[in-house]
Amino acid sequence: MLTVLVRRVARLLVVLVGVSLVTFAILQASGDPVALMMPEAPESDRAALRQAMGFNDPLPVQFARFVGNIARGDFGQSFFHREPALPLVLARLPTTVLLTLLAMAVSLAIALPIGIVSAIRRNSVFDHTATLIVFLGTSMPVFWTGIMLILLFAVQLRVLPVSGWESWAALILPAATLATFSTPLLLRIVRSSMLEVINLDYVRTARAKGVSEWFVICRHALTNAALPLVTVAGLQFSLNLGGAVITETVFAVPGLGRLIIGAIRQLDFPIVQAGVFLIALMVVLVNFAVDMLYLYLNPQIRVR
Amino acid sequence: MAIGTLAPPMDAAAGLAHVAERSRVWRKFVRNPAAIAGALILLVVIGAAIFAPYVAPHEHTRQSLIRRLTPPVWAEGGKATYLLGTDQVGRDILSRMIHAARVSLIVGISAVLVSLTVGVTLGLLSGFLQGRVDTAIMTVVDVMLSFPQLLLALAFVAALGPSLLTIIIVLGLTGWERYTRVVRAEVLALREKDFIEAARAIGASPLRTLLRHLLPNTFSSIIVLSTLQVAQAILQEAALSFLGVGTGSAYPTWGHMIALGRDFVSVAWWFPTFPGLAILLTVLAINLVGDRLRDALDPRVG
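Residue numbers (the working numbering), protein chains in the order written: chain A, 1 to 304; chain B, 305 to 606.
No lab work stands behind these hints, which were simulated from the structure alone.
By construction, the Cβ of each residue, glycine as well, lies at the ideal position given by its N, Cα and C atoms.
So, partial list: chain B residues that the calculated Cβ filter (under 10 Å) puts toward chain A:
1. Ala338
2. Gly465
3. Val549
4. Ala563
5. Thr577
6. Gly580
7. Leu585
Turn these sequences into a full structure, and let the hints guide you.
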């Protein structure tokens, strides 16, 4: 168990170095960052700054310095705000995490019951309708869904605010939009993992014993179907964070995604790098936690 | 020598089996009305994209301020010449949607070709060579999976400067890891099969085994995955255009039309609605066809 843990932590660190390399590459891809920092300065000033900031060093040296800076939480100064990038990004983080968690809760609340019923009544009208909705949901662009919800609830019915993040009512449309994006995928997974366990021998044995159908589903089938669900939680989290970036833009939610999109438009790369790295870091850590949980939950792996 | 004389009848039998296999796939495919509907929608979209200048009722660039924000033909105040209404500078929305189909399809298909080349190559190497190569490639896959694809694409398209080519390459290079995982898993399963053992036993080189025996057996998975990946790439391109990091040209795209229409959502509902419906129908059609292909090509199902 301990060697497994050590190996996983080593892998985590390697992946994080890879993540920093990709983040590092963003600024490199932009060409000349100094030209973005001081657009009006004469070439001699730019050359001096380039030298001072180490942009003339070989790339591996620059990358090593970048990793060292990240480890200390230093992503450089925002070109636009003229402040350190990391605190600006961190300040926006709670909003995005709240939005993501809200949407995940909503999609779980919808996908779990519908997925289970779909699996139990396979090929019924209910199942086919659910499948159709899954197809529709996965084919809708999330930003368009958001605009359509605005059109319906804010413009036509006038029951919810168009944008903002000040009241609880303002959270409903962004969370609902993000949930339409993630629910179909989750529903599909719930349904297929339920289908896999529902006809296994031990479930049939439970039924044969005369245990009530409801108890069979909850106690025997669902606990075993939950394992694949745990593994996709990390993937879901990553997908939802990606979706949150767009959703925040549609609803003017003051979160990390909106900050990153704004920074991308202004070519403010320190903010972009800090934001992208932070999101990837969260995904990596959640996946690591899921891995550990999986090890803990699955006795077959634990024994080995 | 004996093998030489036996070869022709064996080939003929294999050929027949091949034809039978193909017609089985085809029969299973056409039995499904949703897949047929999807294929028809797709044909209309592809046709519209190819013949855009001929089928679009108006020039997609022609503005007319007196006709700005004309509602669609069936709504009050609609005009028969502007079926789906006009935008904020009086351009015909239907004509712009027809032209925009070109961008979506070109980006969708080209980006997937890039992902396919990179992903399948790495997947074959990973599954076939195993060991350190496998560990290295799978670590790269893990790194790519740590980023939401859209976020990475946004950052790199902005850094490299928005253009059609940038979008294709960036979406292609951020979307290959599913191919790698699928192909790797298939190769790992196939390696143990007798026919691969036999190929090795008669002295086939590793490269020949890889290209002649392993690769063709992953084709059906690759085809199915590709249809779904085209749908994803179209959605990603639309999101990039919507967020203003698009093709960098004035040529209409569905995502950019929705971005423009968003500001007029309270006075002209049709403006953001129809381009979005175009995305929805196209992506839905591809997904329906892809899903049916999966069922038809997978001998294990039904």
